[in-house]
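**Q** The whole structure should be built from the sequences, with the hints applied where relevant.
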Amino acid sequence: MGKVSAKPVLFANSIPAQAPMDPEMTNSSASEAVAIGAAKRTPEVIARRVRGLSDRAIAWLFIAPTIVLLLAINVFPLIWTVYLSFTNYKANRAARGVEWVGLDNYRRVLTDSDIWHNMLVTGHFLLWTMTFQVLIGFGLAWLINKNFKGHGVWTTVILLPMMLSPAVVGNFWTFLYQPQIGLFNYIVGFFTGVDPSSFEMIGSVNLAPWAIVIVDTWMWTPYVMLICLAGLRSIPDYIYEAAEVDGAGPLRTFWSITLPMVLPFLMLAVLFRAIENFKMFDLVVELTSGGPGSVTELASINLKREAFEKWRTGLSSAFAIILFVTVFGAANIYVKALNRVKQR
Amino acid sequence: MANVSLRNIDKSFGETKAVRNVTFEVAKGEFLVLLGPTGAGKTTTLRLVAGLEKPDAGSVLIDGADVTSAAPASRDVAFVFQQYSLYPHLSVYDNLAFPLRSPARRMPEDEIRSRIEAVAGMLRIGGKLQNRSTKLSGGEMQRVAIGRALVRRPAIYLMDEPLSSLDAKLRADLRLELKRIQRDLGATILYVTHDQIEAMTMADRIGILSEGRLVQVGSPREIYADPDNVYVAARLGQPSINVLPLGALPVRSAPRTAYSVGVRTEHLDISRDGGPGANARLDWVEHLGDQNHLHIRLGDHRLTILAQPGTDLSAGEALRIEAANPLFFDEDGRRIR
Ligand SMILES: Nc1ncnc2c1ncn2[C@@H]1O[C@H](COP(=O)(O)OP(=O)(O)OP(=O)(O)O)[C@@H](O)[C@H]1O
Ligand SMILES: [Mg+2]
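Residue numbers (my numbering), protein chains in the order written: chain A, 1 to 344; chain B, 1 to 337.
None of these hints come from the bench; they were simulated from the model.
C-beta atoms are modelled at their ideal positions from N, C-alpha and C, and glycine is treated no differently.
Every clue listed holds true.
Cβ-Cβ distance ranges computed for the label pairs, FRET-style:
#1 Phe13/B with Lys149/A: 14 to 24 Å
#2 Trp154/A with Lys54/B: 25 to 35 Å
#3 Met107/B with Asn332/A: 36 to 46 Å
#4 Asp56/B with Trp154/A: 24 to 34 Å
#5 Phe254/A with Ser74/B: 17 to 27 Å
#6 Ile181/B with Arg340/A: 35 to 45 Å
#7 Arg340/A with Glu25/B: 48 to 58 Å
#8 Leu69/A with Phe13/B: 55 to 65 Å
#9 Gly138/B with Trp80/A: 51 to 61 Å
#10 Gly123/A with Phe13/B: 48 to 58 Å
#11 Met162/A with Ile181/B: 54 to 64 Å
#12 Ser74/B with Met162/A: 39 to 49 Å
#13 Met107/B with Ala337/A: 31 to 41 Å
#14 Met107/B with Trp154/A: 40 to 50 Å
Here are some of the chain A residues that sit facing chain B, going by a computed Cβ distance under 7 Å:
#15 Tyr238
#16 Glu241
#17 Ala242
#18 Glu244
#19 Val245
#20 Asp246
#21 Gly247
#22 Pro260
A short list of chain B residues far from chain A (calculated; beta carbon distances all over 10 Å):
#23 Thr38
#24 Lys54
#25 Arg175
#26 Gly186
#27 Val251
#28 His293
#29 Arg320
#30 Glu331
**A** Here it is, written out as structure tokens:
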């Protein structure tokens, strides 16, 4: 490290951006001046260490902390989880000897009727949130794309729920769902004539699965709407004009122009939302905590219980891996379909 | 096929008066070409006929029926857009089939297929039918756009510079092809172009637009030989007409109110003259391959004319030039007949 250089390589990349600011100087002399100035201002302690390092070495120096962090909090835990899923490890009794149990945990997860029940609950939740969010989100986007008066204000208002924290949303919807004082029950009562205090959205076995669907739809429809709106805005006017001249009515234009051209956007929105909802945890825990009984216990909620209440670390690792593979596989198939739609 | 007429049409976009008091009629089976510089209102005129714009004043009639406020779909017009406007998510075949698959038409699929194949063969895109319409060259897209109009038998075809992005040879071929189709079908076509050769060769009549105004309508021959004003005279002819102040050029007899003269090659008598009668000098001869242009200096003015076939004039020679039956224009550029 003894070599003293007039132009420390550390600053080599930052120079061209500054050079054009002085038109009098030529590029190279300007950059030299900047480099020398910067080198002079570098504290001696640092300067002594970086002198003589290659650009590549310095690049590595900069990204190393990030890589270390990623390895430590992402890659290592993943591999560790895979390992644990083959053992009977219990995190609350770490001192106990760890035994290799092979595929036992996987067998137990896949034959556990409670877990299958959780998967069904997750499936129900996914199916209906996606259906409602796609229909309502697309509908709203379609209306807003008509550029009616004040559509800017409406867009902002519609986007608000998405910006709230899921915990907050879950919490205040428990109030909206109150049979006696809740606004939701009041509005349903107002329009249907049913007595508002005669039904409990959260407390009832039949209604609770719909309660979480409604809240998630309320919160995330704006997101689907936003992406659909981007899709609708990407269709140029002249395409509609061509269709009009070609004799296509509003219905045919919608089915054979608007919908196919927005479809890739819509599918992308569904992909993002479905992955998010497969992992859904906070909102539902705040609302129902999986109850009553276990009618709203999503897979992720049970997973947390297995891991951190019952402390079955090995089993829950296997459960987590199974969920991960499911999402990953489904998403892959879906992305292939999405690409085919885009290729058309 | 039908006849289409525009009556006293006005159309403004904010401050821009795109079309001003335009009146003309395209007769049944007629090929009318609108010619004009960029921004003259050609596209706007076509859009008004198609119903994509509503006129501020005036009316549009198709076969005598007032369609001024009718929707485009109900007007039965086919439009070849300047920017192609293909459906990007559909194949070339489906693009061509789109207008035929309209539920009102109920055309059987095999008739659709045979029509598409006929049109595609003619436009030389038969091999591209299964391609996605975005994966085509500009010229191919343009031909698909023409094809999408030709598969139909509408009241009128509206074509907005449909040949502009084709190479010279294909353009010449399609020019003939379009003209032939128009004759065979007896199609009514309103056609927009910048290209005077297209205008001259295809048109039954030419309409000259300038700043939204229809300046003159007439047969190509009339527009060329008998223009109403300087502007129209300058639109046709290659090289374009030379307009000189009266007196710059010897003329046999000028009308009293004449202010300027317009001369084309055929209006000039040119002779080699080394003696005192010489009034001009040949600056240079421009060789363009199939033709030669002579650039002549006449006092303070320059003339560009077509070289007579077999000319042996060469640069630097002294000439005597005289105008025979030139076009005279008054102070406002109006023609004096
Ligand atoms: N939708 C619009 N909004 C505002 N101004 C417009 C619009 N469409 C056309 N114009 C204006 O109207 C005038 C005529 O336009 P038009 O498109 O008819 O010209 P054009 O003759 O087709 O020109 P080009 O040969 O370049 O295609 C132009 O000044 C243009 O700027
Ligand atoms: Mg135009």
